[in-house]
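Peer 1: In case you want the letters, here they are:
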Amino acid sequence: MHVAIPAIQCGNFASVVNIISKAGGTARLIHDPKELEGFDRVILAGVGAFDFGMACLEEGGWIEPLDRLARGGRVPILGICLGMQLLCRRSDEGVRPGLGWIPADVLRIEVEPGSGLKVPHMGWNTVKVMRPNPIMPMDGEEQRYYFVHSFHAVCDEPSDVIATALHGQPLTAALGRANVMGVQFHPEKSHRFGLALMRRFLEWTC
Amino acid sequence: MLKRRVIPCLLLKDGGLVKTTRFSDPVYVGDPINAIRIFNDKEVDELMVLDIEASRRGREPDFGLIEQFAGECFMPLCYGGGIRTVEQAQRLFALGVEKVCIQSAGLEDMSLIRRIADRFGSQSVLFSLDVRKGLLGGRSVHRHAGSRAESRAWRSVIDDAVRHGAGEIVLNAVDRDGTMKGVDVDLIRKGCEELSVPLVAVGGVGSLADIRKAVDAGASAVGVGAWFVFYGPHRAVLITYPRYDELVALLES
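Just so you know, the protein sequences line up as chains P and G, in that order.
Per our numbering: the first sequence = residues 4 to 209.
Per our numbering: the second sequence = residues -16 to 236.
What the hints contain is simulated information worked out from the structure, not anything from laboratory work.
It should be emphasised that the depicted structure is a prediction, and the values quoted were computed from it without experimental measurement.
Take the hints with a grain of salt, since some may be wrong.
Claimed, not checked - With a straight-line cut-off of 27 Å between C-alpha atoms, the simulated DSS-like cross-links for lysine-lysine are:
1) P:Lys131 with G:Lys(-14)
2) G:Lys(-4) with G:Lys164
3) G:Lys164 with G:Lys(-14)
4) P:Lys121 with G:Lys196
Please build the complete structure, drawing on both the sequences and the hints.
Peer 2: Below is the structure:
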């Protein structure tokens, strides 16, 4: 399986490329949207601010070709961390519209003062899988993943929420519909749990 | 619920892994890549690698070596040592490092932390401070030989780093380093008071009970050096890490 990673900004692309090859696939950073055609799946990865991410997509000419792939329904797309948030309509972190493939807004994480909870939600957390989906098993061993984020996605449709993680309140850990999935955590930094997720992503056919 | 993190802290010197005692007498403990592979297999929460010679010798990070580390780490990797510019931090992130740890350059000019945090987010930049006890029991900032003494109170230096955007604080108890004789609970407690960001307590861990004490004193994460690389009274080199169920039983009860 060949995975395209749009090189939209600096980020931990090296780690994503590493885990895909460990999971049995191949991944390549691509710098030109025209190259998307040669690949059977796409990962949107990256760290940084929401507007910066959207600006990179726009300036690189990625939005229209990615939109076509998302709406075509055939090519699996996975957003990681900021990449997941970009799948949504908008974010408290910026003013630019998101890709809008998932009807959800990205809001700042609020924690109760005095609760001892901190923002960013950073570290390892367990997740609760809410519905059958292509990338995370519903049963079996407890799954834990590495998170780093200060904003969280809130979906209009509860059926778009794939998994949640508790941090004062349940936060969306994974979301998706049709061929588009997103994870708030970093599978590339989550040991065998992330590796298993990547293998499932590589095996997933839409 | 978020887990408290237990982080092996590995020290680099001339490309090899060493372990110090009270920041002196580095003992060679092996090849870093091999150690990192073992820690990866043991599914450690996170890994911290600090080059203890880079700043002292005015060297920049060994990017080639760090790239190899990142390729072995399927968990978050933090690197510190010799980082003086945003460009160096950016290069480390591109290699697959999650977090950079700033100390010497930050003590000279905290704006480096601000510039890294503005570009890559606070979660990506840690500030590390070494604190030692004086003869009269007072605590002060420890700086390596050859650099100017730090006159500010240690706690105000931490607050300054947080104001400049540090996303986490690494607090090293110099007097406990390498001793495995227990953590400095009082230091950790004072470090965590009114601190808005997570604190990684390092120095002195020699048992699971010590990890628990550091967490009870307020630490979000505990760094462990000697206890994870030495075994037995003669300090034979053996790389270990507690099992996940042991840590759950220890930290979630």
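Peer 1: Now, for every hint given, state plainly whether the structure supports it.
Peer 2: Quick rundown of the hints versus the structure:
Pair hint Lys131 of chain P plus Lys(-14) of chain G holds up; C-alpha atoms about 15 Å apart against a cutoff of 27 Å. Our distance criterion of 27 Å between C-alpha atoms is met by Lys(-4) of chain G and Lys164 of chain G, whose separation comes to about 24 Å. Simply put, Lys164 of chain G and Lys(-14) of chain G have alpha-carbon atoms about 25 Å apart, close enough for the 27 Å limit, and the pair holds. Our distance criterion of 27 Å between C-alpha atoms is met by Lys121 of chain P and Lys196 of chain G, whose separation comes to about 20 Å.
Comparing the model with each earlier hint shows no violations; every hint is respected.
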